[in-house]
Structures are given as structure tokens and as C-alpha cells.
Amino acid sequence: MDEYSKKVMALFKNPKNMGEVKNADGAGEAGNPVCGDVMRITIKVKDGRLADIKFKTMGCVAAIASSSMITELAKGKTIQEAMDITNMDVAKELGGLPNIKMHCSKLAADALRLAINDYQKRKKR
Amino acid sequence: MHVQIMQLHGGRVQMKVYLDNGASTMADKRAVKAMLPCFTKIYGNPSSLHTFGADARKAVDSSREVIAKKINADINEIIFTSGGTESDNTAIIGAAKANNDKGDHIITTKIEHKAVLNAFKYLEKKGFKTTYLNVDKEGLIDLDELKKAIIDKTILVSVMHANNEIGTIQNIRGIGKICREKNVILHTDTVQSFTKVPINVKDDFIDLASFSSHKIHGPKGVGALFIRSGVKIKPLLHGGGHEFNLRAGTENVPGIVGFAKAAELCNSEANEKMKKLRDYMIEKIKKIPNAKINGSLEKRLVNNINVSFKGIEGEAILTLLNEAGVAVSTGSACHSKNLQPSHVLKSIKTPDNYIQGSIRITVSRFTTKKEADYAVKNLKIIVKKLTEMSPLG
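Line by line, the protein sequences are chains A and B. Terminal number for the first sequence in our numbering: 167, no gaps in between. Terminal number for the second sequence in our numbering: 431, no gaps in between.
So here's chain A without its partners, still in its complex pose (with noise of 0.2 Å):
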């Protein structure tokens, strides 16, 4: 545990944006059949921002901070900016992740991406 940065056990500790966002605009879910963790966003959208986002993630420590950091930076950015946001800026804004973690930055990213297109999609229809 002494490999994770102060940050990173704060928000595993006490994540923020736990849950499921009600009546969702767009969910997304990204799995990592190796490391086996799942990550679940959920988001409300408002003026083209994103104005509500939660999280629920199966996981180790890295993932669970991931996730939580993900929708920190997400909240309240418009489409285009959440869209922007990668696994590297989770990474750096949580002080760092262990090499062998960086995975699950990536998973958050992912799972960040795929709610927003579950939205686009379902604002098409």
C-alpha cells in the first residue's frame, strides 16, 4: 500500500461521487477481465455540461480513486471538455499511480467516454 500517493488512499477512502446518478442521461461501463474490475458512470446533462456524475466501481484501491478522481474533474465541463479528458491527467492529478495500476486510469477515461456516446446516442434517437 506504501506504492500509492497520499491523494490516491484519500479518495479511496473517502471517494467523492459515489452512486448512480438518477434518471441518467448516459451510463457507461468499462471492465478489465484481467485485473477484474468494473467501473459503472452515470451522467446528467444540462446546457451541453455535465451536470451531475457518479461512479460505482468494483475494484482495487487505484481503481476506486480513479474513478472517484475521474468525476472530480468531469463535473461541470461541457461535453467536449469531459470528452478531452484523459487516463493522464487522472494519473497526474491523483500524485501518480503505480506502473502496473495505470490501467485503471485508463478504465475511468474509458467508462467517462462511453457514458457521454450512451448520451449522444440516445440524444439522436
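Quick caveat, the hints were computed from the structure, so don't treat them as lab data. All values reported here derive from a predicted model rather than from experimental measurement. Idealized CB from N, CA, C, for every residue including glycine. Among the hints, erroneous ones may be present.
BS3-like, lysine-lysine: derived pairs with alpha carbons at most 27 Å apart [what the hints assert, rightly or not]:
(1) A/Lys49 / A/Lys119
(2) A/Lys163 / A/Lys148
(3) B/Lys408 / A/Lys55
(4) A/Lys55 / B/Lys322
(5) B/Lys415 / A/Lys58
(6) A/Lys64 / B/Lys348
(7) B/Lys220 / A/Lys55
(8) B/Lys220 / B/Lys185
(9) B/Lys423 / A/Lys49
(10) A/Lys64 / B/Lys422
(11) B/Lys408 / B/Lys387
(12) A/Lys48 / B/Lys408
(13) A/Lys117 / B/Lys423
(14) B/Lys185 / A/Lys55
Chain A residues, not near chain B, derived (Cβ > 10 Å throughout) [unchecked claim]:
(15) Lys48
(16) Lys49
(17) Val63
(18) Lys86
(19) Arg91
(20) Gly101
(21) Leu115
(22) Glu123
(23) Met125
(24) Ile127
(25) Lys163
(26) Lys166
Following the hints, complete the assembly by docking chain B onto the known chain A.
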């Protein structure tokens, strides 16, 4: 035991509870006390001919007698090593190389410790043919499968006595009988079972057995290998003629003395105590939602609990338990260096959604009921928290 109660901010009481005795144990103070004279009084080299040497030799030999008696071996059938890994390597690689003239096929199981599995991998590279036996849902090998696996070219079978992750105890006598009938050497890794499950090398038809000190409240860096008289072994280390020419290097006298003392201090009373505490904890843990006990409930080490929780992940459980002062281990992939889940849990066909959420709790004779209660109480809270967080919960 070393219950440190700390008063935290807000008056919350936190305990420190060590429940990872399968990884290592606290040395018994009496074992440490027995070691101390070996640093400053009995410091001679056991190979030296003077009195200083003779005193050290006596200390090593009486320790040898203690270990031999515990397993019904003869004194000259025990050599001291640096620990379980060296004993496993010496037994497997040593026996395979020394008996290569009789064949090149060796057999083990899919749930062995890495010290055995990687010795087998090494021998594969050297040209030996290998068979890895399956285990059932409880972690037991099938004796018929073993019988069928033994061919004319088979020279060695290595089956662990009790598994380090799930605590399953094999029918070692049944295995020994088959191997003896087929004239194949049987090695067993008893690192986890020594002093917890009776071992009688004669009645159980064991040819080679590995032991470790630090799993039984002895010091680290010392172990033993039983080599049945007449069984050929090629030593790993080349040097002086220590340990009947089978393990070169000046004997670790303090470690050996501490190991023997620790072995002496283990008894059936302590085992009964651990078993009671284990069953008490299992009963409580079973009631936590989505919990599943891994391994066998009957053929199980007295100190082992391995439990999986559906839809949550082991490293997260371990980390939160650690925050609460409770130390356990996990078979989760996320916690391993190669991101692979436990090969043991995979072999007993633990479902994917359970395999990631496994933790191992291993008590010792020093673990108290109060510590057990504290650990289970925290485990319950943590599992609930992580389950609420999980999309699969």
C-alpha cells in the same frame, strides 16, 4: 498477543490485530531466549574441534533430535537449511538430478507453493517432463489420477501437505502408499502443516519433507529438510561437508536452536485453541452477505480461513482492514505483481466474480477472541461499504 490499543482522536479505540500468520509469525519469546546464548556464549563453529566448536555442535545436534522426534525420523535424516524455499529446491532439484538415471518424469500439483512450482519450471528447462495434478473443489488431489500419472519414467512426486492459501490438508499417507508401491520418491512441503497436522514420516511413507521455522513462531532464515535414509539427493550448495555433505555452509546455530525451541513449544492444546477460534470466526464471517468460504471445511489447517466476497475486490478489503489495524492477505489479481489471480483459487474453480474478492485470515495460538471479534466487526463494515460502491453489488 501484541495487542496495542491506541486511543485515536474522538476517543475511537483502534486495535492492531495480526491475522497473517500463514505469511509469518511472531517469534515466541522463549524461542528468542533460547537463541541468545548462541550469539555470545555458544558462538563457535560446529565444525571446529575445540570445546567452543563442540558446544555449538551439541546445540545443533540436540535441535536436530527435537525436529526428528516430531516427525518420527532418525536424527541423521534431518538437515538444516535456510528455510522452506531452500528445502523445497534441494529436495526437488536434488532428487531429480540424483535419480535422473532412473527416469526423467516428475509429478506435482497445480496448487503448490511457488518454491515448488518454480523448481519444477526450472527442471522443465533442464529437460525433465512434468505432470501437474488437478485438484477438486476443496483442493484435494485424486489418488486415482496420481496412480495413472505415475509411469515407468517417473522418479519423483511432490505434493504439499497443506495448502498455504486455502489450508486444505492432503491425504499424505494415501499418497505415500501409492508412491512407495510404485517405487517413486515422495516429497512433501509441510511448511504450513508442521506442528499443526501430525506427520509421521515412517507411517506416511514420506521420503523428503520441507520445514520452515518462521511459520511456527521461530526465527526467519532457517528451516529443515527430512531426507529418508537411502534416498539420493544432489546438494545445491558446494562447499564444506556440513550437514552430512548435503548442505554446505556453517550452520545457523542461533536460528537452528530457535527453530527447535519453537517446534517444542507447539502442541495439540495450541492447535485446539486455534481450531476453536477459526471455527468461531468462520461462523461469523459466513453470515456476512455474499461471503463464500474457499476450500474444505473438514480437511483444513487449524489456523486458516479463506473467504471470498462477491463483486468486490481483495486489495480494497485488505487496505481498509489495514487502516483499521487488521493485517490479512489476498489472492486478488490487483494485488499480485503479475496481475494474475491466485492459481490456487483458479484451480479449485472459484468463480471469477468471487476470485477477486478473496482474503486469507490466518490466526495463531496468540490470537485472542477479542482480536477475532474486532477483525470480523471491521470486515463486516468494510464489505458493506465496498459492496455499496460496486456496480455488481
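**OP:** Please settle this one: A/Ile127 was flagged as non-interface, so is its CB more than 10 Å from every CB on chain B?
**Re:** Check passes; 20 Å lies beyond 10 Å.
Subject >> A/Arg91 remote from chain B - nearest C-beta pair above 10 Å >> reply: For A/Arg91, whose nearest Cβ neighbour in chain B is about 24 Å away, the distance exceeds 10 Å, so it holds.
Original post:
Is the nearest CB of chain B more than 10 Å from the CB of A/Lys166?
Top reply: holds, 26 Å
Subject >> Interface-negative label, A/Val63 against chain B, beta-carbon threshold 10 Å >> reply: About 13 Å separates A/Val63 from the closest Cβ of chain B, which puts it past 10 Å; holds.
Subject >> Hinted pair B/Lys415 and A/Lys58, Cα distance within 27 Å >> reply: holds, 25 Å
Original post:
Does the structure keep A/Lys48 and B/Lys408 at a Cα separation of 27 Å or less?
Top reply: Given pair A/Lys48, B/Lys408 is violated - Cα atoms ~31 Å apart, limit 27 Å.
Subject >> Hint consistency between B/Lys423 and A/Lys49 [alpha-carbon to alpha-carbon, up to 27 Å] >> reply: With a Cα-Cα distance of about 20 Å, the restraint between B/Lys423 and A/Lys49 holds, given a limit of 27 Å.
Original post:
Within 27 Å, alpha carbon to alpha carbon, are A/Lys163 and A/Lys148?
Top reply: Holds. A/Lys163 to A/Lys148 sits at ~22 Å (cutoff 27 Å).
Original post:
Regarding the pair A/Lys64 and B/Lys422, is the alpha-carbon distance no greater than 27 Å?
Top reply: holds, 22 Å
Original post:
Does A/Lys119 lie within 27 Å of A/Lys49 when you go C-alpha to C-alpha?
Top reply: Satisfied, since the Cα-Cα distance of roughly 22 Å is no more than 27 Å.
Original post:
Can the restraint linking A/Lys55 and B/Lys322 be considered satisfied, given a maximum Cα separation of 27 Å?
Top reply: holds, 25 Å
Subject >> Hint consistency between B/Lys408 and A/Lys55 [alpha-carbon to alpha-carbon, up to 27 Å] >> reply: holds, 25 Å
Hints 7, 11, 12, 14, 20 from the earlier list are contradicted by this structure; the remaining hints agree with it.
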